[in-house]
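*Asks:* The listed protein sequences correspond, in order, to chains X and U.
Letter by letter, the first sequence follows residues 673 to 951 in this note's numbering.
Letter by letter, the second sequence follows residues 121 to 337 in this note's numbering.
Since the hints were made in silico from the structure, they are not lab data.
Since the model is a prediction, treat every value here as computed from it, not as a measurement.
Yeah, the Cβ is synthetic: ideal placement off N, Cα and C, and Gly gets one too.
Wrong hints could be hidden among the right ones.
Unchecked claim - Partial pick of chain X residues on the chain U-facing surface, computed with a CB cut under 7 Å: (1) F689; (2) I697; (3) I700; (4) K703; (5) T705; (6) P743; (7) P770; (8) T802; (9) A804; (10) D865; (11) Y884; (12) T885; (13) Q891; (14) G898.
Unchecked claim - Beyond 12 Å from chain X on every Cβ pair, some chain U residues (computed): (15) Y167; (16) F182; (17) F198; (18) Q241; (19) G244; (20) G282; (21) K286; (22) N289; (23) L332.
Unchecked claim - Covered stretches of chain X, going by a simulated chain U footprint (3 or more residues, C-beta under 8 Å): (24) 805-813; (25) 857-864; (26) 872-879; (27) 914-924.
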Amino acid sequence: MASILKKLGNTDRRIIFILIALSVILPIIFKITFPNPVGAEPSRDMFEYIDAMPSGSDVLMSFDYGPSTMPELQPMAIAIATHLLRKDINVVCMALWPEGASLAQEVMSGVADSLGRTQYEDWCNLGYKTGAGIMIVRLGSSMKAVFPADRDNLPWEEIPMLAQISDLTSFDLVITLSAGDPGVPAWVMMAGDRFGVPVGGGCTAVSAPQFYTYLQTGQMVGLLGGLKGAADYETLVGIKDGTAIEGMAPQSVAHLVIMLFIVIGNVAYFSEKKKGGRR
Amino acid sequence: MNWEILGIWLGAGLTLCLYSFLYRDNPFYKFAEHLFVGMSAAYWVIYSIENVLIPNWWQQMFPAGGGFNWVWIFPGIFALFMLARIIPKTAGLSRMALGMIIGTGAGLNMVSFFQTNAMAQVKGTIISVSSGGVWIIFSNILLVVGVVTGLVYFFFSKAHTGIVGKTANVGITILMIAFGASFGYTIMARISLLIGRCQFLLEDWLPTIPRLLGLGG
Numbered sequence: 673m674a675s676i677l678k679k680l681g682n683t684d685r686r687i688i689f690i691l692i693a694l695s696v697i698l699p700i701i702f703k704i705t706f707p708n709p710v711g712a713e714p715s716r717d718m719f720e721y722i723d724a725m726p727s728g729s730d731v732l733m734s735f736d737y738g739p740s741t742m743p744e745l746q747p748m749a750i751a752i753a754t755h756l757l758r759k760d761i762n763v764v765c766m767a768l769w770p771e772g773a774s775l776a777q778e779v780m781s782g783v784a785d786s787l788g789r790t791q792y793e794d795w796c797n798l799g800y801k802t803g804a805g806i807m808i809v810r811l812g813s814s815m816k817a818v819f820p821a822d823r824d825n826l827p828w829e830e831i832p833m834l835a836q837i838s839d840l841t842s843f844d845l846v847i848t849l850s851a852g853d854p855g856v857p858a859w860v861m862m863a864g865d866r867f868g869v870p871v872g873g874g875c876t877a878v879s880a881p882q883f884y885t886y887l888q889t890g891q892m893v894g895l896l897g898g899l900k901g902a903a904d905y906e907t908l909v910g911i912k913d914g915t916a917i918e919g920m921a922p923q924s925v926a927h928l929v930i931m932l933f934i935v936i937g938n939v940a941y942f943s944e945k946k947k948g949g950r951r
Numbered sequence: 121m122n123w124e125i126l127g128i129w130l131g132a133g134l135t136l137c138l139y140s141f142l143y144r145d146n147p148f149y150k151f152a153e154h155l156f157v158g159m160s161a162a163y164w165v166i167y168s169i170e171n172v173l174i175p176n177w178w179q180q181m182f183p184a185g186g187g188f189n190w191v192w193i194f195p196g197i198f199a200l201f202m203l204a205r206i207i208p209k210t211a212g213l214s215r216m217a218l219g220m221i222i223g224t225g226a227g228l229n230m231v232s233f234f235q236t237n238a239m240a241q242v243k244g245t246i247i248s249v250s251s252g253g254v255w256i257i258f259s260n261i262l263l264v265v266g267v268v269t270g271l272v273y274f275f276f277s278k279a280h281t282g283i284v285g286k287t288a289n290v291g292i293t294i295l296m297i298a299f300g301a302s303f304g305y306t307i308m309a310r311i312s313l314l315i316g317r318c319q320f321l322l323e324d325w326l327p328t329i330p331r332l333l334g335l336g337g
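Kindly produce the complete structure, drawing on both the sequences and the hints.
*Replies:* If you want it as structure tokens, here you go:
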């Protein structure tokens with residue numbers, strides 16, 4: 673037994689890599705899905721807040737991420753955009769990250785086409801602007817001054833859905849999909865606390881624990897944390913074949929494998945320590 | 121072969137090159153790493169010129185309707201100061217530009233940051249521990265105990281012995297639970313990225329192989 677534990681404790685890291693890879697690949701190949709019950713979680717708060725908004729409301733959606741965090745944030749963006757456009761809510765997109773503007777276009781054109789919504793009437797993409805928090809403060813006094821034209825250089829005056837928008841306070845909700853800085857903290861700080869606009873959004877799992885404090889204080893109306901948050905929203909919106917729901921099975925299996933190795937590593941360590949070996 | 125399939129194959133090849141590092145360092149990994157760094161730098165230069173410099177500065181100085189806004193010369197000069205670091209004799213000029221960036225950022229953020237991340241959080245811990253349902257009362261008590269004991273742990277002016285030591289032990293236990301939750305979330309994030317790559321390889325790249333071999337699909 674002791675020799676087995678010793679061998680397990682000295683397992684080659686490459687074997688662990690292979691097992692983790694298999695734990696992710698096999699559920700994808702065999703299309704295994706696990707049920708994803710959504711309890712009283714921040715993702716439900718977010719869903720219910722949007723669900724209670726009347727048709728014709730205006731939402732500013734900021735794509736503050738790049739391709740490196742797409743697996744987590746793109747499914748959130750698709751699910752939220754689907755929910756907003758289904759409810760006939762006007763969506764104005766922008767980005768604090770340069771690549772976010774292209775990702776916004778990809779998400780919005782895909783969702784809008786599937787729901788029969790029209791660009792410039794139901795949604796538009798203002799593109800990327802540098803400056804982060806300082807730029808958000810400027811949005812608080814004039815949106816048009818910061819974005820005189822949209823991503824495709826169409827002047828502000830020629831976009832019908834922007835006729836009723838003057839500054840940040842024109843929006844009923846700001847949604848940020850954030851992979852780091854600038855992202856959630858800048859929007860909560862400037863749009864939420866400074867201009868009093870409700871802020872909600874989603875973030876990568878790494879940063880979720882840091883942002884949960886904004887929920888307890890009421891500085892955010894809801895938050896989707898990582899792939900689980902995205903899967904929750906897909907479930908609530910009723911997206912059956914979403915990539916986040918599909919990703920939760922490999923996620924769960926990989927977690928089980930990691931937990932198993934943590935237990936094995938600890939048992940091997942303490943048994944060796946008991947024998948007076950490694951300390 | 122169309123451009124889309126070429127892009128998928130390039131993405132798949134580079135993904136596999138990068139993952140080959142998990143076995144050991146090798147030339148394929150080095151190639152992909154250097155390609156990534158080089159292309160990122162080139163992409164950022166072009167993107168910054170196209171999306172930052174031209175619309176935010178050049179088009180403001182020379183508006184589409186004609187004319188010349190001379191005031192926009194000053195931001196241009198400050199931008200050049202940033203590049204002055206390249207020449208040792210003029211490196212000091214960059215401090216002026218940096219000073220302006222840091223000063224503006226600090227001025228705008230100081231009050232907002234304190235209000236959002238300190239005052240609002242402190243206010244959030246001043247809560248009733250006697251109203252609401254059982255679960256809410258339990259959560260509120262746990263929150264207050266967690267904050268107070270956590271703060272005691274970081275209070276080093278008094279030796280951590282006796283009641284202070286026991287309170288600090290509760291504080292460090294709660295901190296460890298919080299770190300454990302963060303660790304769990306970090307694993308979830310990293311596995312999510314692996315899932316994203318595996319979905320790409322299995323669902324986007326693999327189906328192109330039979331198509332290229334003329335086997336349909």
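*Asks:* Which constraints among the numbered hints does this structure fail? Numbers only, ascending.
*Replies:* Violated: hints 4, 5, 9, 11, 15, 18, 19.
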